[in-house]
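Under the working numbering, read the sequence shown as residues 1 to 192, first letter to last.
Keep in mind the hints are simulated off the structure, nothing from the lab. Treat the hints with care, since some could be wrong.
As a list, the in silico SDA-like pairs of lysine to any residue whose alpha-carbon atoms are at most 20 Å apart [unchecked claim]:
| hint | residue 1 | residue 2 |
| --- | --- | --- |
| 1 | Lys57 | Arg25 |
| 2 | Lys121 | Arg85 |
| 3 | Lys108 | Ala74 |
| 4 | Lys121 | Thr33 |
| 5 | Lys108 | Ser132 |
| 6 | Lys64 | Gly98 |
| 7 | Lys108 | Ser163 |
| 8 | Lys108 | Ser2 |
| 9 | Lys64 | Asp48 |
| 10 | Lys108 | Asp5 |
| 11 | Lys121 | Thr44 |
| 12 | Lys64 | Arg85 |
| 13 | Lys121 | Gly67 |
| 14 | Lys108 | Tyr66 |
| 15 | Lys121 | Arg111 |
| 16 | Lys57 | Gly98 |
| 17 | Lys121 | Ser163 |
| 18 | Lys57 | Asp34 |
| 19 | Lys108 | Arg97 |
| 20 | Lys64 | Ile37 |
| 21 | Lys57 | His150 |
| 22 | Lys108 | Thr33 |
| 23 | Lys64 | Gly31 |
| 24 | Lys121 | Leu104 |
| 25 | Lys64 | Ala84 |
| 26 | Lys64 | Gly18 |
| 27 | Lys121 | Gly98 |
| 28 | Lys64 | Met15 |
| 29 | Lys108 | Ala3 |
| 30 | Lys108 | Phe166 |
| 31 | Lys108 | Thr77 |
| 32 | Lys64 | Tyr143 |
| 33 | Lys57 | Asp75 |
| 34 | Lys121 | Pro40 |
| 35 | Lys64 | Glu50 |
| 36 | Lys57 | Thr44 |
| 37 | Lys108 | Gly98 |
| 38 | Lys64 | Thr77 |
| 39 | Lys57 | Asn28 |
| 40 | Lys108 | Val165 |
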Amino acid sequence: MSALDNIRIVLVEPMHGGNIGSVCRAMNNNGITDLAIVNPRPETDWDDAERLSCNAKPQLAARKEYGSLLEAIADCTVVAATTARTGFYRDTAYSPRGFAPIALESAKDHRIALVFGREDKGLFNEELALCSHIVQIPSSELYTSLNLSHAVYVCCYEIFAASGVFQPSGETAQEADAALRERMFAMWRNMM
1 MSALDNIRIV
11 LVEPMHGGNI
21 GSVCRAMNNN
31 GITDLAIVNP
41 RPETDWDDAE
51 RLSCNAKPQL
61 AARKEYGSLL
71 EAIADCTVVA
81 ATTARTGFYR
91 DTAYSPRGFA
101 PIALESAKDH
111 RIALVFGRED
121 KGLFNEELAL
131 CSHIVQIPSS
141 ELYTSLNLSH
151 AVYVCCYEIF
161 AASGVFQPSG
171 ETAQEADAAL
181 RERMFAMWRN
191 MM
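Build the full structure now, drawing on both the sequences and the hints.
The structure is reproduced here in structure tokens:
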């Protein structure tokens, strides 16, 4: 079992089905598949969620729904709340990159959670108090609040990148010196 299998994404009262589907896609891009939704709205457009999940429909279908945040995180050790606001519990926030090693270390042996709040109000102070860590995504002062799926993607990406699972293919050719490059350009000119 990979540490990524022990990472749960928790959405608290998401407003739009499309955002839920896009979150599934963001999770899937980064090898994270455990989605929990706290108090999904009765009017949630699940067809829109499915449309925007693209190839992450299995994550959407496998979601777990809970009546409270405490229920959603009950089996988690490290629980990180995400927030764009400052003050009250938020002054010691980690960046997603700074939090990634903490998440991966705990997720080797335990389930952990990243908690994302409502699109319009974020997380309430009482919900932040249930969490062991705060994560704040660096952003411009022009607008500090990210779209829900973008915030999930940034956090999941940093954990995925830190996990070392992805290894880019390396360049197999040797670097060409200037003389070799000029010979190649001359050959191209002659051919054209």
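Status of the hints after comparison with the structure:
For the suggested pair Lys57 and Arg25, the alpha carbons sit about 8 Å apart, so the restraint of at most 20 Å is met. This hinted pair checks out: Lys121 and Arg85 have alpha carbons roughly 10 Å apart, not beyond 20 Å. For a cut-off of 20 Å, the pair hint linking Lys108 to Ala74 stands: about 18 Å separates their Cα positions. Proximity of Lys121 to Thr33 is assessed by CA-CA distance (about 25 Å); at most 20 Å being required, the pair is judged violated.
At most 20 Å may separate the alpha-carbon atoms for a hinted pair to count; Lys108 and Ser132 meet this at roughly 17 Å. Straight-line distance between C-alpha atoms of Lys64 and Gly98 comes to about 28 Å, which puts the hinted pair past the 20 Å bound. Straight-line distance between C-alpha atoms of Lys108 and Ser163 comes to about 11 Å, which keeps the hinted pair within the 20 Å bound. Under the criterion of a C-alpha separation no larger than 20 Å, the hint pairing Lys108 with Ser2 is consistent with the structure, at around 7 Å.
For the hint pairing Lys64 with Asp48, the CA-to-CA distance comes to about 18 Å; that is within 20 Å, so the pair holds. Annotation: proposed proximity of Lys108 to Asp5 holds, straight-line Cα distance about 9 Å (limit 20 Å). With a CA separation close to 17 Å, the supplied pair Lys121 and Thr44 stays within the 20 Å bound. Proposed proximity of Lys64 and Arg85 is contradicted: the alpha carbons are some 28 Å apart, above 20 Å.
Straight-line distance between C-alpha atoms of Lys121 and Gly67 comes to about 18 Å, which keeps the hinted pair within the 20 Å bound. Note on Lys108 and Tyr66: the hinted pairing is violated, with a Cα-Cα distance of about 25 Å set against a maximum of 20 Å. For a cut-off of 20 Å, the pair hint linking Lys121 to Arg111 is broken: about 27 Å separates their Cα positions. Taken as a hint, the Lys57 and Gly98 pair is broken in the structure, with Cα atoms around 30 Å apart against an allowance of 20 Å.
Under the criterion of a C-alpha separation no larger than 20 Å, the hint pairing Lys121 with Ser163 is inconsistent with the structure, at around 31 Å. At most 20 Å may separate the alpha-carbon atoms for a hinted pair to count; Lys57 and Asp34 meet this at roughly 12 Å. Between Lys108 and Arg97, the direct Cα distance comes to roughly 18 Å. Compliance with the 20 Å bound is thereby established for this hinted pair. Restraint check: the Cα-Cα separation between Lys64 and Ile37 comes to about 6 Å, which is no more than 20 Å; the hinted pair holds.
Taking the CA atoms of Lys57 and His150, the gap is about 18 Å. The hint holds against a cut of 20 Å. In summary, the hint linking Lys108 to Thr33 is supported, as the alpha carbons are separated by about 16 Å, within the 20 Å threshold. With a C-alpha separation of about 18 Å, the suggested pairing of Lys64 with Gly31 holds against the 20 Å cut-off. As the CA atoms of Lys121 and Leu104 are separated by approximately 28 Å, the hinted pair breaks the 20 Å bound.
For the hint pairing Lys64 with Ala84, the CA-to-CA distance comes to about 26 Å; that exceeds 20 Å, so the pair is violated. For the given pair, Lys64 sits about 17 Å from Gly18 by alpha-carbon distance, which is consistent with the 20 Å threshold. Restraint check for Lys121 and Gly98: not satisfied, since their Cα atoms lie roughly 25 Å apart, outside the 20 Å limit. For a cut-off of 20 Å, the pair hint linking Lys64 to Met15 stands: about 17 Å separates their Cα positions.
For the hint pairing Lys108 with Ala3, the CA-to-CA distance comes to about 5 Å; that is within 20 Å, so the pair holds. The straight-line distance between the Cα atoms of Lys108 and Phe166 is roughly 17 Å, inside the 20 Å bound, and the hint therefore holds. A C-alpha spacing of about 11 Å is found between Lys108 and Thr77, which places the hinted pair at or below 20 Å, so the restraint holds. At most 20 Å may separate the alpha-carbon atoms for a hinted pair to count; Lys64 and Tyr143 exceed this at roughly 31 Å.
For the hint pairing Lys57 with Asp75, the CA-to-CA distance comes to about 25 Å; that exceeds 20 Å, so the pair is violated. Proximity of Lys121 to Pro40 is assessed by CA-CA distance (about 15 Å); at most 20 Å being required, the pair is judged to hold. Taken as a hint, the Lys64 and Glu50 pair is honoured in the structure, with Cα atoms around 15 Å apart against an allowance of 20 Å. Taking the CA atoms of Lys57 and Thr44, the gap is about 16 Å. The hint holds against a cut of 20 Å.
This hinted pair checks out: Lys108 and Gly98 have alpha carbons roughly 17 Å apart, not beyond 20 Å. Simply put, Lys64 and Thr77 have alpha-carbon atoms about 18 Å apart, close enough for the 20 Å limit, and the pair holds. Our distance criterion of 20 Å between C-alpha atoms is met by Lys57 and Asn28, whose separation comes to about 9 Å. Proposed proximity of Lys108 and Val165 is supported: the alpha carbons are some 14 Å apart, at most 20 Å.
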